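These are the residues of each chain, in order.
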Amino acid sequence: MAVEVEIRDVWVTLSGTPVLRGVSLSASGGRATVVVGPSGSGKTTLLRVAAGFLQPDRGDVLIDGRSATHLSPQERGAALLSQRPVLLPHMSVADNIALAARLARGLTRGEARRLAAELAASLGLPGGVLGRKPAELSGGQLQRASLAAVLAARPRILLLDEPFAHLDLPLREELRRLVARLSREWGFALVQVTHDQDEALELADSLAVLVDGRIADYGPPERVYWRPSTLEAARFLGHNIHCGPPLAPRGELASAPPEAVSVDPRGQGWIVASIYRQRGRVLVRLRGPGGEGDLQAYVHPSMARRIEPGASVGVSVEDWAVRVWGPCRAGWAPRASRQP
Amino acid sequence: MPARTARPGLGWGLTLPALAIAALYTIPPVLLVATTRPSGSLPFSLARVLSWTTLQAAASASIAVALGWPAGVLAGFYGHRLARALRSLGLPVFMAPSVAVVLGFRGVYHGLLGGTPLSALARGATGVIAVHSYFNIPLAAVLTAAAASRSPPEALEYFTSIGLRGARLWVRALLPLTAPGAAAAWLLAFTYSFMGLTAPLMVPGAAYRYYTLEAWIYTLFQGFPTLRGLAVWASGLQLAALTSLAAAFAWLHSRLPSIESSGASVSLPLRGAARLAASAYMALLYAYLLIPLAGVAYTSIWGPAGGHPSLEAYRRLAEGRAPIPPGASLWLALANSLAYAGASAALAVAAAALAAPVSGPLVRAALTAPLAVSPVVAGLGLYFTLFKPLAGRLGIAWASRLLIVAAHTAVALPLAARSIESGVARVPREAVEFAASIGLRGARLALQLARSAGESMLAGGLLAAAASLGEFGGVLVLSVPETWSLGVLTYRLYGAGRVPDLAAASATLLLALTLALTALVARRVERWL
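In order, the protein sequence lines correspond to chains X and Y. Using this note's numbering, you'd call the opening residue of the first sequence number 4 and step up by one each time. Using this note's numbering, you'd call the opening residue of the second sequence number 1375 and step up by one each time.
Just so you know, these hints were derived from the structure itself, not from any lab. The model shown is predicted, which means the values in this text are computed figures rather than measured ones. Virtual Cβ for every residue (Gly too), placed ideally from N, Cα, C. Careful, some of the hints might be misleading.
What the hints assert, rightly or not - Partial list, computed: chain X residues near chain Y (C-beta under 7 Å):
hint, residue
1, P76
2, Q77
3, R87
4, V89
5, L90
6, L91
7, L106
8, G109
9, G113
10, S209
11, T233
Only chain Y is shown next, with the shape it has when bound in the complex:
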C-alpha cells in the first residue's frame, strides 16, 4: 500500500492513545536496562548462547523460506489451488499458540513417531529449529506470493511466449521476481526465531543447552532471584539485537524495488510431471503444517504414548484434578484468556481506529515498534517499573491482569492498525477531502472513516484477540496463578509433573479458540498484501 500523508480534518492528536500504548510497552524495558547495574556472573557462556540463538534463527528462517517460497511461486504465478489456499490457511498456522504447536510436535514426532528419524523434529536442537521454522513457512509463502502478484504480467507473458520455461524460467524470472518477498520473509522469520521462547523451554532435550537468549532471560528472572540484574542486562542485549533487526528490515523494505503492476495477474501453465511434483510438494507441505495441530488434539485424547481414546484428561482438568497450584484452574485460565483477548482487542481496535486514518510513516513505525521488543523483555520492563506500584494500590492479581492486558494491547496494536488501515485506505481521499470541506473533522471524521472500514475493524479485532490468546512470554513473566492464561496453564501442566495429556487438553482448547478466530479473518488477510 502506498504511504499516505495525514488526511485533511484529522489532527495528529488522534494517534496519541495508540502511541501511548506502544510507548507503555517499549519504553519501560529501555528505562530498566538503562538504570540497572548487573551484578554476579552469568550461569552460561554468553558467546555460546548468542551464537546458538543466531544460528538457530538463521537455520529456522532458511528452512522456512526454502519450504514456503516455492508455494508462494506456485500460488502467485501458476494460480495453483492448493498453494493459493495456503495464503488463507497459513494464517491459523502463523497465529497458532506456540505451546500448542510444541506439544503437537512432541505428540507426533516424539510420541507416535518416536524412534524413527523423524523424532529429531521434536528433540533437542533440531526440535527447536523445526518448531521455529514451522511457524514461518506460511509467512514465506504469503510474502513471496505477494511479491509475485506485484510482478509485471506482461513481461512474464512475453518471455514465456518466446520460450522461457522450465528450470530456466524459475531461475531467470520467477525466483528473482519474488526474491524481495523471500528476503523480507527470511528477515522476519529470523527475528521471530531469534526471540523464540516456547520451543527452547518445552522441546525435550533442549533445556539449558539449547536455550535462546530470550529463554535465558526468562530463566534468570524466574529461577535465579539473585541474578535478576543480569536478566535485565541480558534484556539490553536482546533489545539491541531486535532493534538492529527491525532497522535492517526497514532498510531492506526501503531498498526493495517498487514493481509497478497493472493489477492483472499471470497464470502460467503447469503440465505433466511438473504439475504432479507441485501437487505432491503442496500435499506434503500441508501434511507438515497440519499434523502438529492435529497431533495436540490426538495427544489429549489418546495420551502421549497412544492407547485407548479417552476424554479423561479433559475431565480431570474440568474437575480440577491437575497438579497445579491452588488459585489456578482450567476455568479461571479460560476466563482469563478470553478476558485478556476481549479487552486487548477492544482497546487495540479503538486506538487503531483513531490512528489509522491519520498515520503516516512515522506513526506507523511507532505503532509497529512493539514487534521489535520481545515479550519477556517487555514483561520484565512492565514488571520492574509498574507492577509494584500497581500491586500496592490494586492488589497483585489486578496489577497482573492490567499489565497483561496492556502488554497484549501493544502486541495486538500493529495487527489491528494494519487491518483497519487497509480498510480506511479504500475510502477515496477525495471523499475525505469533501467531508472535511463540509465541516466533518477530528474524531467525528475518524469515526466515520472507521465505520466505512467496519469489516476491517472486525478483522483487526479478531486478529488482535487471536494474538492475545497465543501470547505466552508476557503472561509468563507478569502472571500469578490466579491470572494465568490457558497458554501458561498449559506450560505449567507440562512442566510440573510432566503430564502431556493434561497439557495437550488445555492446549487443544486454546488452539481451538485461536483457530476459530483466525479462520474468520483468514480470507481478508490477502487484501493487506
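Just chain X, same shape as in the assembly:
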C-alpha cells in the first residue's frame, strides 16, 4: 500500500526564533511534494521534522494516518538526503551502500554487495567507482553514490534537501528525473525542498510555498504558480506586484507573473529599463509612466532584438493571470521580486 505522510500544524522554535509556524502539508507514495521558499524560510527544518531528526514544539507528523511524531527516522522509514554526502569517508562506496542495506533491511553481506552493484549500475555509477573512497569521487558521482546508499535502505519517505543544487545543470536535471521515476516505480513518497522554481514546477505533483515559516500557498503546481492564493506567494514566485494599471485599471494592488505581461515595441508609455538574456527567453524590466513602479515581462529573443534600453514600448497583461488583492496600502510598495 502506498504510504501517506501528513505534516499537521507543525510549530518549531530554534534558539528562541520561530522557524515553522503552523505548517501543514502532505505527500503520498509515488508522488512528489515540492516545497519552495527563500533562504531561511524553514525548508530544511521542515524536512528534519518530517524525517524525525527534530521534534516539533506543536503539531503532528502522521504516517498512514497514525501519529509518528515520536518515532525515530528508522521507524518512520524516512531518509533525508542533502547537498552533503551521507557516505562514511573511511569506507568504500560499495561498503557504504551495503552497510545501509544490511542495517535497514537485514540483508546478508553477499546480498547487500549484490544490491550495491545493482543500485550503482541503475544510477549510472561506473563499476570502478564502487571500490573507491568518497574523497576520490567527483561531485556528481558522490551524489549518485549517496543516493544509492539512501535507496539501499528502501525508504518509504525520501526527503531531499536540494541534494543536486551544486551540480551542473544537465546532471541536475538527469538526477531529479531519475528520482522522480524511482518514486513512481518504487512507490516512496517524495518531499523535496528547493529554491529553484523551474525544478519545482517540473517535479511537483503538489507545490508548497514556504515564506517566513508559514505555508503561503499549497496546491497543484500550475494553480500555485499562475494563481497564487496569497500575496507572499506571488512575491516569492517573482510575480509583478503593482498598484493600478495595467494590472488593475481601478487602482487596486494586483499581481501577475511576468509570463502574462506582453510587450509591444510599437506601443508607447513604458520605458525599457534593462534587458536580461536567459535560456530561451529574455527578461525585460520596464519603468512605468512618470517613473511609477516597475514591471517585468518575458519576451521572445526575436522580439528582444527589436528593443533596447531607453526605448518606449506598450504593455498589456492577460487578464486571467491577474490577481487583485484589494486597495493599495502602505507596505506593499511596488517592486520587482525576481532579479536576474
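Chain X is fixed; fit chain Y onto it per the hints.
Positioned in the frame of chain X, the structure of chain Y alone reads:
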C-alpha cells in the same frame, strides 16, 4: 587550517627573527654532534637503553591513547559535557611542569596509597610509563575530538537513523572516523615520551635502570665529566631518532584523509547504561588527571607521610632554610622563572607576530623544528658552542640566563606562532589584499594583522610563558645555582637530601603559576583544532 601562501605586501624577511631563534636552538646540537669524536666506553648497554626508551614510549603512548580516545569520541560525537570540558581542562594537565607531576604521583601513589597495588604508578618502570602517559591523555582526547568535529555529520545522521548503534556504531564509524586523530596523538605521545627526562630521573626506583636515552645523556654530561664526548655522541642518536619521528609525523599528517565538514556537528544520543558508563569513565579520568596535581599540594602541606597540616615547608623555603647551595634561593628561582617566562614569551610573540602572516608550509616546518630537538640535547648544543664565549664576556650567570631565555624562546615559538596564526587566518585574505593595494606593506601590514589578532597574541604569549615555566631539561643543563628556575630548584631539593615536602612546596608554587596561565588560555585552544 588550510595551508596559506604568503600574503601580498608581506616579505619573507619578516620571518627571519623567528627562523633565527629556531636555528639557534636546532643548529648548535647538530654542529656539535658532527664535530665531536666520542672517546671512552658507555657505562650502559646502548641496546638496552634504546629498547627501554622505545618500549616505554610505545607503552605510554598506547595507554594515553587508550584512555583519551573514548573521551574524544564522547566529546566530539555525543557532546558529553564532561568530555567536552576536557578539551579545555586538559591543557593545564598537558602543560603542567613535569617535576610537579612526578612529585604529585609520588605523593599520592607512593605516599598516601603506598603499599597498595596503585603504588606501582609511582615506582620503577610502571611509574615512568604512568607519568609519561599521564601528560598525553588530554592530547589524545583533544586530537580525537578534533577529528570527530571534522567528520561528516550527515553521514553519521543517516547511518544512525537506519539502525547503526551501540558497539557496531563505534566499530564501524566512530573509531575509524577519529582514527587519524588517534594516530597523530599516538605519534606525538610517543615522541614526547621518547624524550622523557624528569620521570626517569625522579620516579623512585627508576634511577639508571629505567633511564631513557635523554636521561642518560644528561647523566653522562653532568655526572661523568670524562664522558662528555659520549654524551654528545648519544645526543646524535637522540637527534636522529627524534628527526625520524618528526618526519614520520609529517608523513602521517600528509596521508591523513582530508575530511570535509559542513561545520555542523552531530550530537548522538547517549541513554541508559551507556550514559552511566560514559559518566563513570569520565569521572575516573578526571580523578586520575586531577589527583596528582592535588597530590603535590597535599604533600607540601601534609608532608610525604601524611600527618598534621603545616606550612612549615613553605616557611623553610621562604626563609632559606633548605639544603641548597649558596647563591640559590626560592625567591631567586621564582624571579628567574618569571623573568625567563616573560622574556621568552615577549620574544616568541614578537617573532611569531612578524612571521605568522607570512608563513607557508616551509616556514611553519622550520618554526616547529625546535619541537624535534630534545631540551637536554639543545641545551648541550648551546652549552658547548656558545656558553664559554658568552661567559667570557658577560660572566657565567648572565651567559646562563641569556642561553636559557634563547632556549625557552625557541621552545615557545611554535606555540606562539600557532596561536597567532589562527588569529591572523581569520582576517579575510581579501581585506589583506585591499590593504596591500592601498600601500600598506611589510612590517606595517604585519603589525596591523597582528593587532587584529590581539586576542591570539595574548593567548600565544600566555602559552609561551607557561611552556617556559614548565621547561626543565634545558635549564638543567644551562643553569648555575644563581640562575636556577623553580623547576630545577624543585629537582635539586628533591635530589639533595630527599626532602619531598620542600620540593613539593616549590613545585606547588610552580604548578600554581602554570595553572593560572593555562587556565586563561584553555578556552581559546579549541579554536586551533
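Can X:Q77 be said to touch chain Y, with a Cβ gap under 7 Å?
-> Holds. Min distance 5 Å.
Against chain Y, is X:L106 within 7 Å by beta-carbon distance?
-> holds (4 Å)
Given X:V89 was flagged as interface, is its beta-carbon under 7 Å from a beta-carbon of chain Y?
-> Because about 4 Å separates X:V89 from the closest Cβ in chain Y, which is inside the 7 Å limit, the hint holds.
Quick one, is the X:S209 hint okay against chain Y at 7 Å, beta carbons?
-> violated (25 Å)
With a cut-off of 7 Å, does the beta carbon of X:G113 approach a beta carbon of chain Y closely enough for the hint to hold?
-> This interface hint is violated because 18 Å lies over the 7 Å limit.
Interface hint compliance - X:L91 to chain Y, C-beta minimum distance less than 7 Å | Since chain Y brings a Cβ to about 5 Å from X:L91, closer than 7 Å, the hint holds.
Does X:L90 meet its interface restraint, that is, does its C-beta lie within less than 7 Å of any C-beta in chain Y?
-> Holds - the Cβ of X:L90 comes within 7 Å of chain Y, reaching about 6 Å at its closest.
Satisfaction of the X:G109 interface hint, Cβ to chain Y closer than 7 Å = violated (9 Å)
Chain Y contact restraint on X:R87 - CB to CB distance below 7 Å = holds (4 Å)
Satisfaction of the X:P76 interface hint, Cβ to chain Y closer than 7 Å | At 4 Å from the nearest chain Y Cβ, X:P76 passes the 7 Å test, so the hint holds.
Going by Cβ atoms only, is X:T233 closer than 7 Å to chain Y?
-> violated (32 Å)
Checked against the numbered hints listed earlier, the structure breaks hints 8, 9, 10, 11; every other hint is satisfied.
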